[in-house]
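**Student:** The hints should help you fit chain B onto chain A, whose structure is shown.
Residue numbers (UniProt numbering), protein chains in the order written: chain A, 1 to 308; chain B, 1 to 308.
If you are wondering where the hints come from, they were derived from the structure by calculation, not from laboratory data. Positions of the beta carbon are idealized from the N, C-alpha and C atoms, including for glycine. It is possible that some hints are incorrect.
[Claimed, not checked] Cβ-to-Cβ under 10 Å is the rule here; a few derived chain A residues that face chain B:
hint : residue
1    : A16
2    : P20
3    : L109
4    : A112
Number of protein chains: 2
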Amino acid sequence: MPRGEFEFIHHIRRRAAVRPPVRVGIGDDAAVLDHPAGTVEVVTTDLLMEGIDFLWPETSAALIGRKSLAVNLSDLAAMAGRPTAAFVSLALPKARGRSFADEVMDGLLALADAYEVTIAGGDTNSWDGPLVVSVTVLGTPFANQPVLRSGAQPGDWVFVTGACGGSILGRHLTFTPRLAEAERLTQLVKLHAMIDISDGLAADLHHLLDESHVGARVEAAAIPIHADAARLCDPRTPLDHALSDGEDFELLFTVPANDGPRLLAAWDQPTQITKIGEITAESGCRLHRADGTSIELPPLGWLHAMED
Amino acid sequence: MPRGEFEFIHHIRRRAAVRPPVRVGIGDDAAVLDHPAGTVEVVTTDLLMEGIDFLWPETSAALIGRKSLAVNLSDLAAMAGRPTAAFVSLALPKARGRSFADEVMDGLLALADAYEVTIAGGDTNSWDGPLVVSVTVLGTPFANQPVLRSGAQPGDWVFVTGACGGSILGRHLTFTPRLAEAERLTQLVKLHAMIDISDGLAADLHHLLDESHVGARVEAAAIPIHADAARLCDPRTPLDHALSDGEDFELLFTVPANDGPRLLAAWDQPTQITKIGEITAESGCRLHRADGTSIELPPLGWLHAMED
Numbered sequence: 001m002p003r004g005e006f007e008f009i010h011h012i013r014r015r016a017a018v019r020p021p022v023r024v025g026i027g028d029d030a031a032v033l034d035h036p037a038g039t040v041e042v043v044t045t046d047l048l049m050e051g052i053d054f055l056w057p058e059t060s061a062a063l064i065g066r067k068s069l070a071v072n073l074s075d076l077a078a079m080a081g082r083p084t085a086a087f088v089s090l091a092l093p094k095a096r097g098r099s100f101a102d103e104v105m106d107g108l109l110a111l112a113d114a115y116e117v118t119i120a121g122g123d124t125n126s127w128d129g130p131l132v133v134s135v136t137v138l139g140t141p142f143a144n145q146p147v148l149r150s151g152a153q154p155g156d157w158v159f160v161t162g163a164c165g166g167s168i169l170g171r172h173l174t175f176t177p178r179l180a181e182a183e184r185l186t187q188l189v190k191l192h193a194m195i196d197i198s199d200g201l202a203a204d205l206h207h208l209l210d211e212s213h214v215g216a217r218v219e220a221a222a223i224p225i226h227a228d229a230a231r232l233c234d235p236r237t238p239l240d241h242a243l244s245d246g247e248d249f250e251l252l253f254t255v256p257a258n259d260g261p262r263l264l265a266a267w268d269q270p271t272q273i274t275k276i277g278e279i280t281a282e283s284g285c286r287l288h289r290a291d292g293t294s295i296e297l298p299p300l301g302w303l304h305a306m307e308d
Numbered sequence: 001m002p003r004g005e006f007e008f009i010h011h012i013r014r015r016a017a018v019r020p021p022v023r024v025g026i027g028d029d030a031a032v033l034d035h036p037a038g039t040v041e042v043v044t045t046d047l048l049m050e051g052i053d054f055l056w057p058e059t060s061a062a063l064i065g066r067k068s069l070a071v072n073l074s075d076l077a078a079m080a081g082r083p084t085a086a087f088v089s090l091a092l093p094k095a096r097g098r099s100f101a102d103e104v105m106d107g108l109l110a111l112a113d114a115y116e117v118t119i120a121g122g123d124t125n126s127w128d129g130p131l132v133v134s135v136t137v138l139g140t141p142f143a144n145q146p147v148l149r150s151g152a153q154p155g156d157w158v159f160v161t162g163a164c165g166g167s168i169l170g171r172h173l174t175f176t177p178r179l180a181e182a183e184r185l186t187q188l189v190k191l192h193a194m195i196d197i198s199d200g201l202a203a204d205l206h207h208l209l210d211e212s213h214v215g216a217r218v219e220a221a222a223i224p225i226h227a228d229a230a231r232l233c234d235p236r237t238p239l240d241h242a243l244s245d246g247e248d249f250e251l252l253f254t255v256p257a258n259d260g261p262r263l264l265a266a267w268d269q270p271t272q273i274t275k276i277g278e279i280t281a282e283s284g285c286r287l288h289r290a291d292g293t294s295i296e297l298p299p300l301g302w303l304h305a306m307e308d
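Next up, chain A with everything else stripped away, as it sits in the complex (with noise of 0.2 Å):
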């Protein structure tokens, strides 16, 4: 996220009062709701914009599509919650006719079908200008609290799901949101904070731990390096494609050190999971190499810090 916006947002938060019943308000992947009778909900929106989010005819309009909803779903992941309903509003480019917008439409209702998700309203306008898409997905915690950003405590083992790096070879449009993965999770320990990795593993860890108030130290050796990130021909390493590259739409989250051995111990889901560090009570983020030296790892990853 550029500078600009990310001031703008804090603008935004400072000024925008938070009355029930919203509980969390901007800030973390979604809103939190509180209802009547102790009943949740989380609410998250993203706004897809061609030439920004994705090129088309580049990218095919169903998947453009699958993708402005899948984003949406790995915030609910993101949040453990599940997702319900889901709003869509378009702005559709004239000149490409009524079969791109149902192309637009097959790819997110096919998601949201394979999801049990509905459709429950939106708002469909077409100009001569690129496309743009709108979702907003309502949803509930898989175990009726939802996980926030804010958690973390010293001494939490801090975990990914998957592997990471590379997305743009494709895995950026095609992932799996992190749903399953998320409702397991809540089954089998207490999670005390999650964030989807959007900007980027480095990135958001930094998110995670700044709304959490605490530091991590994460041992490079133990990152799950995605194959794709070997593959990309161009002077980052590997290890930085994976800190830096954002997009793999995986779940970083922790949990309390007792709970730790536990999870690795009866985690039964394809999806790997990986441990690559610990929650710590001092601030900022340690990245410790194989070779024993240790750097500061900024929230822009490892090549920006070897630059300094």
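**Tutor:** What follows is chain B alone, placed relative to chain A:
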């Protein structure tokens, strides 16, 4: 709404399976969700695009921001629902900088504060394209159950709040969402059906009749015509403007015939309410004129009917 978009929405509506907790999906002013313990939620969303829904700088950034939220609050009013939380996504033109973004949000936040609506989340982006604002609003019915478009019954009296026509002279931007009126109505009578006037009195009446599978008889002389409708200098009559213009954001609603006179007697709000006709079992919408003649009132309004 252009015919192509109307057909596209019907296509999505047919395809989109409605699953719990969604009770009412696409097709009303807002969706209705049933949560545990009888808690009912209403959700609506609108996408406003520069060059289509507003012009800049002809319309100030603050008024654009205000309208983006206000149209959603009007939808909530049409469901007889109190808005609680809003989600605001922006595609910001880079060249206009931070001050433009601040002005949009200032206009939006001022209205949110006035109605005690929490801005609970959103998504901010910038690009070289025009301004796009997507707003989703959540709320709860004033009287536990929302009022749908589909509940009108033969014999019902048809009412409208305020006066219609000529909103283009300014009210399309500065209108007051009829939330106070909706709440008072729920206290005084049994509302059978309600919709807000965005497409035009005739068009939105047809939407209500279609969803309720009924018709209506409307008295031309009873239509409350706004002074702005007469200020427009064109060949169309003020009545035609009142029937066709759209963006009045008044409420059009029906109540049982028994409740009609009681409502008129008990009404104590500054905004007028006017009986404009009655619901009929026969489909179609008949406009009766003072001279005793009558014509079929098509969705696009009177002028088009006269040209037939």
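**Student:** Each of the hints needs a verdict: does it hold here or not?
**Tutor:** Status of each hint after checking the structure:
The criterion of a C-beta within 10 Å of any C-beta in chain B is met by A/A16, whose closest approach is roughly 4 Å, and the hint holds. Nearest Cβ of chain B to the Cβ of A/P20: about 8 Å, under the 10 Å cut. The hint holds. A hinted interface residue such as A/L109 counts as satisfied when its beta carbon comes closer than 10 Å to some beta carbon of chain B; here the least separation is about 6 Å, so the hint holds. A least Cβ separation of about 8 Å between A/A112 and chain B falls short of the 10 Å threshold, and the interface hint therefore holds.
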